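Engineer: Sequence:
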Amino acid sequence: MIGAIPVTLSLVGGAAVLWVLGGLVVGVIAGATRGTFIDRALMILSLIGASIPVFWLGEVANLLTQSRWHDTWLFSWVPPLGYIPLTKDPWGWFKALVIPWFTLATLYVGLYGRVLRASLIEMMQEDFIRTARAKGIGERRVLLHHGLRTSLVAFVTMFGLDFGALVGGGALLTEVVFGLQGVGKLTYEALQTLDLPMILATVIYASFFVVMANFVVDIVFVFIDPRARDVR
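Mapping of the sequence shown onto this note's numbering: position 178 corresponds to residue 178, and the numbering continues sequentially without gaps.
These are computed hints drawn from the structure, not numbers from a lab. A hint or two may mislead.
To be verified - Pair ranges (Cβ atoms, derived):
hint, residue 1, residue 2, range
1, Q181, I38, 39 to 45 Å
2, E122, M198, 41 to 47 Å
3, T36, W69, 34 to 40 Å
4, G82, I29, 24 to 30 Å
5, E59, I29, 29 to 35 Å
6, W56, T87, 28 to 34 Å
Just so you know, these numbers come straight off a predicted model, no measurement behind them. Cβ coordinates follow ideal geometry from the N, Cα and C atoms, glycine included.
Could you put together the complete structure from these sequences and hints?
Structural biologist: Now the structure itself:
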């Protein structure tokens, strides 16, 4: 159990960085260019990314990087499937996880981008946005400082729930496809053998991270949404 936790944290942590950055970029650009070709193209790509099963995308990635194109300059650096500890070989750790990171993040970039776009478009119609424009504040600052900051409430809520669930074992399919002995795969194997002590340990572990993720989200709300500070 102890050895599986760093694997899952490394996988989900790296993927989370990618999907947060990707979701912010997609959502902001699509919201700022609403109704244009760029907006439609980004939403189509987001829908495709959100619709691709993780296990299928992972198998295709393995087929290309481990078999078909492994001997080419493009993917010759990709190590065999498995996990390399960070303390043992940091560069090897990065190379072993970069493909799983992108595979897991693809789904969430599409989901978060679409949610942020919808929230941003709705927020840009609010009265405080009109007031900011009336004061002569530039459109870019209105979008990024006022609109985006308030629109992040839904974004952060989703992130807290998804991150907690994935760290708690929700990244099972990604771990299986890439041969990573993480918490999700460990739980699956325990269920197959009815290893009740291990099942109990993984459930408690997952519950802890879900509760902690929601606790952190509530704290972050205070900083991104000024209205939350006035709650008595």
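Engineer: Take the hints in turn and mark each one as holding or not.
Structural biologist: Hint-by-hint comparison with the structure:
1. Q181 <-> I38: 39 to 45 Å: holds (42 Å)
2. E122 <-> M198: 41 to 47 Å: holds (45 Å)
3. T36 <-> W69: 34 to 40 Å: holds (35 Å)
4. G82 <-> I29: 24 to 30 Å: violated (37 Å)
5. E59 <-> I29: 29 to 35 Å: holds (30 Å)
6. W56 <-> T87: 28 to 34 Å: holds (33 Å)
Hint compliance for this structure: hint 4 alone is broken.
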